[in-house]
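Trainee: From first to last, the protein sequence lines are chains A and B.
Be aware that the first sequence starts at 0, since it is given in numbering that gives the first Met the number 0, and climbs by one per residue.
Be aware that the second sequence starts at 0, since it is given in numbering that gives the first Met the number 0, and climbs by one per residue.
To be clear, the hints were calculated from the coordinates, so they are not data collected in a lab.
One or more hints might be untrue.
[Unchecked claim] Here are the simulated EDC-like pairs of lysine to aspartate or glutamate, each with C-alpha atoms no more than 20 Å apart in a straight line:
id, chain 1, residue 1, chain 2, residue 2
1, B, Lys15, A, Glu140
2, B, Lys246, B, Glu85
3, B, Lys414, A, Asp24
4, B, Lys316, A, Asp54
5, A, Lys207, A, Asp24
6, B, Lys91, B, Asp132
7, B, Lys414, A, Asp55
8, B, Lys143, B, Glu174
9, B, Lys143, B, Asp171
10, B, Lys253, B, Asp92
11, B, Lys119, B, Glu174
12, B, Lys91, B, Asp245
13, B, Lys316, A, Glu73
14, A, Lys97, B, Glu317
15, A, Lys160, A, Glu28
16, B, Lys235, B, Glu98
17, B, Lys72, B, Glu317
18, B, Lys235, B, Glu273
19, B, Lys252, B, Glu65
20, B, Lys248, B, Asp92
21, B, Lys275, B, Glu50
22, B, Lys119, B, Glu167
23, B, Lys414, A, Glu73
24, B, Lys414, A, Asp57
25, B, Lys254, B, Glu50
26, A, Lys97, B, Glu313
27, A, Lys222, A, Asp24
[Unchecked claim] Simulated restraints, written as ranges between beta carbons of each label pair:
id, chain 1, residue 1, chain 2, residue 2, range
28, B, Thr386, A, Ser139, 55 to 63 Å
29, B, Ser352, A, Gly40, 54 to 62 Å
30, B, Ile293, A, Gln158, 45 to 53 Å
31, A, Leu17, B, Leu392, 50 to 58 Å
32, B, Asn305, A, Gln2, 41 to 49 Å
33, B, Lys312, A, Thr60, 31 to 39 Å
34, A, Thr60, B, Leu392, 52 to 60 Å
35, B, Thr386, A, Lys160, 51 to 59 Å
36, B, Lys15, A, Asp201, 52 to 60 Å
37, B, Glu359, A, Arg75, 53 to 61 Å
38, A, Gly143, B, Thr386, 56 to 64 Å
39, A, Gly143, B, Ser352, 41 to 49 Å
40, B, Lys312, A, Gly143, 22 to 30 Å
Ideal Cβ positions, reconstructed from N, Cα and C, are used throughout, including at glycine.
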Amino acid sequence: MIQISNLHKSYVMGNNSLHVLKGMDLQIEEGEFVSIMGSSGSGKSTLLNILGILDDYDQGTYYLGGKLIQGLNETRAAMTRNEMIGFIFQSFNLISFKNAAENVALPLYYQKVSRKKRNLIALEYLDRLGLKEWAHHLPSELSGGQKQRVAIARALISQPKIILADEPTGALDSTTSFEVMDILKEINDQGKTVIIVTHEHDIAAMTKKIIRLKDGVIEEVIKNGELQLFKDRVRTE
Amino acid sequence: MFDIDRWNEIWNALAKNKVRSLLTAFGVFWGIFMLIVMAGSGKGLQNGVSEGIAKFAANSAFFWAEQTSEPFKGFKRGRYWHMDSEDLQFLKDKVPEIEYITPKNFTGRFGNSSNVIRGKKNGSFNVKGDYPDYIKIDPVTILKGRWINDLDIRDKRKVCVIGEKVFESLFDPKENPLGQYLKISGVYYQVVGLIRAETQININGRTEESVSLPFTTMLQTYNMGNQVHFLAITAKQGIPVSVVEDKVKELIKKKHSIAPTDVQALNSVNIEKEFKQMSGLFLGIQILTWIVGIGTLMAGVIGVSNIMLVIIKERTKEIGVQRAIGATPRVIIGQIMLESVVLTTVAGYIGLSLGVGLLELVNRIIESSPQPPGERAFFTHPEISLTVALSALAVLIVAGLFAGMIPASRAIQIKPIDALREE
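Excised from the complex, chain B in its bound form (with noise of 0.2 Å):
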């Protein structure tokens, strides 16, 4: 197999034939190119998003009041209700599963109407009251001070955490915004910190575009009482969100007097299930890219075998003189399999070349265009692994021997003196 003889005799067949050859290999080429570039593709994807949601806590889980919709202990159905403080130490105390429970209030944000004012400069922002812990569930780049601590969930403190979206459109690029004062729905805040989100995961409008207050300052200022509007949850390590999930549901039903059977009343998301779900769709991808790779490159292998068939063919009186003059049925059968295996092979691995190097390229061209502050690209790094491409290769030769089989059984079958007596 490797004397340079029979690699000379294959070159020759091949090189000798240019046209004949190049037909033959486009189609593997072709398959192999649109295999990588679609694998690549969904890899670039799966990149993209998973960087945009990588951060965030997996194993949390979120809760918000909906009107019930089952009547329940005299109440009739269609109640509006909503969670309140006290039900975070109820939950902490009786679901030891709990890691980090941290409530979120909104105020209304309505339309277009201005409700953050500096001086002559307003925007429109989303107003979030929130916990220390919140960013141990969705992670944030503190870019200048600092997010909000327990001093100022403790003392009710007027100080406000912005993003980097407010920043830019309520200051100056080069002022420094912390100490300065903003008027949020009448009242003042000093400006403690400058955020920028770190996932794509956004409750309640994006982070770059909110301004965070301590929630019991919210609670007091905004005349809340002690509504909770939104419950984030965590499990601990090794714990599925979901039976904390089910566990706070149930508690929280009964302390406020929901039907167990209501479904509505306090909705859910579960990250953990959601990731899930994700990466059963990007799977989904890669099957799906396989199968049509797979099958585009059956396609060009078969086109092999066909273009070999009738190289066959044509090579009838070729065949029969080798065989006259005493080459042995292996060496044909082996001189056309592998001339096929060459052939796809080296079609292949331009192919596979010419496809990475695209992805490559796209790669560049993401990563060299401007992106706005905080906004990911929901493509990234379109890649295909080694694994991958060295299995593409090692399909190539296999495919390549299959093309060459029918060719070469029926190269044999070829008697040598109806090749030489076709007149």
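So that you can see chain A by itself, here it is in the shape it has in the complex (with noise of 0.2 Å):
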């Protein structure tokens, strides 16, 4: 699904550029549901932002889904986000004076989707996510955990192949938390491929495989049998 190889990214400032991927290699097959974890600076923003095609790279290869994603204009990289990518931010970021459903179904509103169908989906994912009750609340009327969901829905419903969520849990309390962990695991069992960044050591040991970067590049893959080992490790830390 996801295929980097050899990334590079370097932001300049001013006459200062820096560095943050130095030659990246990574793969994600379809279906998995990885965490990718490291210390700020490590460059895991940088690389999410890259997955998202939010941010164009120096050099190397990203494929996405068998498509080479390079130097896209802004149009068509709206359009690949819109049709592939499905975001869930920490922040939740929805649209404040939209109700829940308006927010859901603003992904197909890109797609020109008309009003009916789109509102009709848009209440089918909240259902799924059992918000159906709260359609017609403005994100400030919900709570933490119920914007969360509402922006998974929102990041479902244009059916993506991968859902990128950075500290989908970084605003919500532990209960909540594992709440939205447990859907995006369901999600995952449906087959979608779930990537999250998170700097939670329980959060990421409830995911598949865990991705942990150093200084722009891949210190370790801890893959799914191996994450027993890895609790533990981290307990004694």
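Work from the hints to combine the two standalone chains into their complex.
Mentor: Take a look at the structure:
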């Protein structure tokens, strides 16, 4: 699903150039449930932005679903994002003056799906996430967990190939965090590729694969069977 | 552009931020409101003035004698001279471009002393000697009886035509003035007509306050010999009055031994020229109105642009989210431009309606307020033509597009990442 090889990215700030990704190789198969970890400055946000086609890279290649993602103009990038990627953010990023259903339906609006149809689909997705009664509430009237579930519904509605979640539980307490993770797991069970960026070990431990970054390269990859080990190690750290 | 979803988007974005939208819209509203009110008022002034003079023959010129300013043919400068009745026929023969030529004489009106008496009532009025043709130059409404006719001139009849004010002060309102006698400077005249002025142009006093005698009667009765105080001439259709004016001046000067270079001796007013000057003035008012109006409007539009910019800043995150989940730059640009256009157009339309409403209100007030007879307001029918209104609306829409342009391009420059990870 995702194939990255020798990826380089640096940010230029005035005279200083900050080399963030230093020749990264990464492969994520379809249906994987991956978490990306790393301390701040390790390049995880940069990687996420590149994965999400929110930012371009300097060198290397990035294939998403067999398609080379390189030097797209904004229009193409937006369309690819809309088609292939569902985003979930730490601060939910719902549009405050739209109610839950309208927020969920927004990606379909950009696909020019008729209003009636997309609202119907939005309700369906909200129902799946147990938020049908809240469909006509504004984000300000929802709890944090509910907001994130609305955001998940929004990420799912365009039936993307991968779900990119940037610290999806960062703004939630642990109970709701686990609820959200359960939902993501369920989504993964239905065959979607889910990638989350997190710095919480227990959240990362709920995924099937952990990729730890350090200084712009992959430090280690911990696969499903090794997770228990990882947990133990974390505990002793 | 016309799909309902986009309008819903815009309506949502505007309606959910009422205060902001209102503040933004106010500048434009005020601009167009001022433009309409000013343009309408200018038009009202123009209407008022032109109605006051419209019926006056525009192709006319008037002449009167002054002291000479140059010595000529043995005469010293500062000589008093006058035109005479012979000049009339002389000019008619020599200047074929003349359509009407009528003399007009005046008796002195000495301060407040009464010169017109009827029984116990009296008053001080302008007394003029007129020709039948004069009302073809300065039209009047004949309320009762008739105007001076050719027989009056030929027979030097002692008759008079009075203005409305004269009637009011010398007669009871229900009285019929026709056939009654007035004593004017010691001589009795029979009233044969009652008139009302149609124009606001007054020569030697207002027509309402005037008594007109047959020209020949006045010459004989008040020992004026064959003097002519004042000459009114109109040019034939299609001939500029200035042509006639120049010819008449040249001929009269020659006939009365006045230096051809003497500009003071024979004074004149060219109504055509005055009219032109007046229309120039109104054009000036119009141009000024538009400059000020467009300026105000521009200020409003710049205000919209400015506030939209602030809004974009405020909505960075919202725009970032929209772009992250698939809004193309075109969608974002379209959204912001359309928001701006809708805002300016709606605000402008309200300003337009209220402006026109105000003009209409003023118009009603003017029309319903009582006016003395024969007098007109110098401000009537303030109005805005459909063309002006439509072009103002077009200007608004274009202005809205311009106002949206900078904010829209700013919105495009926002990178989704920056917007999303602003912590």
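Trainee: Each hint should be assessed against the structure and marked as holding or not.
Mentor: Against the structure, the hints:
no.: 1; hint: B/Lys15 <-> A/Glu140; verdict: holds (15 Å)
no.: 2; hint: B/Lys246 <-> B/Glu85; verdict: holds (17 Å)
no.: 3; hint: B/Lys414 <-> A/Asp24; verdict: violated (26 Å)
no.: 4; hint: B/Lys316 <-> A/Asp54; verdict: holds (16 Å)
no.: 5; hint: A/Lys207 <-> A/Asp24; verdict: holds (19 Å)
no.: 6; hint: B/Lys91 <-> B/Asp132; verdict: holds (14 Å)
no.: 7; hint: B/Lys414 <-> A/Asp55; verdict: holds (11 Å)
no.: 8; hint: B/Lys143 <-> B/Glu174; verdict: holds (12 Å)
no.: 9; hint: B/Lys143 <-> B/Asp171; verdict: holds (15 Å)
no.: 10; hint: B/Lys253 <-> B/Asp92; verdict: holds (15 Å)
no.: 11; hint: B/Lys119 <-> B/Glu174; verdict: holds (15 Å)
no.: 12; hint: B/Lys91 <-> B/Asp245; verdict: holds (14 Å)
no.: 13; hint: B/Lys316 <-> A/Glu73; verdict: holds (17 Å)
no.: 14; hint: A/Lys97 <-> B/Glu317; verdict: holds (11 Å)
no.: 15; hint: A/Lys160 <-> A/Glu28; verdict: holds (11 Å)
no.: 16; hint: B/Lys235 <-> B/Glu98; verdict: holds (5 Å)
no.: 17; hint: B/Lys72 <-> B/Glu317; verdict: violated (95 Å)
no.: 18; hint: B/Lys235 <-> B/Glu273; verdict: holds (18 Å)
no.: 19; hint: B/Lys252 <-> B/Glu65; verdict: holds (12 Å)
no.: 20; hint: B/Lys248 <-> B/Asp92; verdict: holds (15 Å)
no.: 21; hint: B/Lys275 <-> B/Glu50; verdict: holds (15 Å)
no.: 22; hint: B/Lys119 <-> B/Glu167; verdict: holds (14 Å)
no.: 23; hint: B/Lys414 <-> A/Glu73; verdict: holds (10 Å)
no.: 24; hint: B/Lys414 <-> A/Asp57; verdict: holds (17 Å)
no.: 25; hint: B/Lys254 <-> B/Glu50; verdict: violated (39 Å)
no.: 26; hint: A/Lys97 <-> B/Glu313; verdict: holds (16 Å)
no.: 27; hint: A/Lys222 <-> A/Asp24; verdict: holds (16 Å)
no.: 28; hint: B/Thr386 <-> A/Ser139: 55 to 63 Å; verdict: violated (49 Å)
no.: 29; hint: B/Ser352 <-> A/Gly40: 54 to 62 Å; verdict: holds (60 Å)
no.: 30; hint: B/Ile293 <-> A/Gln158: 45 to 53 Å; verdict: holds (52 Å)
no.: 31; hint: A/Leu17 <-> B/Leu392: 50 to 58 Å; verdict: holds (53 Å)
no.: 32; hint: B/Asn305 <-> A/Gln2: 41 to 49 Å; verdict: holds (47 Å)
no.: 33; hint: B/Lys312 <-> A/Thr60: 31 to 39 Å; verdict: holds (36 Å)
no.: 34; hint: A/Thr60 <-> B/Leu392: 52 to 60 Å; verdict: holds (54 Å)
no.: 35; hint: B/Thr386 <-> A/Lys160: 51 to 59 Å; verdict: holds (58 Å)
no.: 36; hint: B/Lys15 <-> A/Asp201: 52 to 60 Å; verdict: violated (39 Å)
no.: 37; hint: B/Glu359 <-> A/Arg75: 53 to 61 Å; verdict: holds (55 Å)
no.: 38; hint: A/Gly143 <-> B/Thr386: 56 to 64 Å; verdict: holds (58 Å)
no.: 39; hint: A/Gly143 <-> B/Ser352: 41 to 49 Å; verdict: holds (47 Å)
no.: 40; hint: B/Lys312 <-> A/Gly143: 22 to 30 Å; verdict: holds (26 Å)
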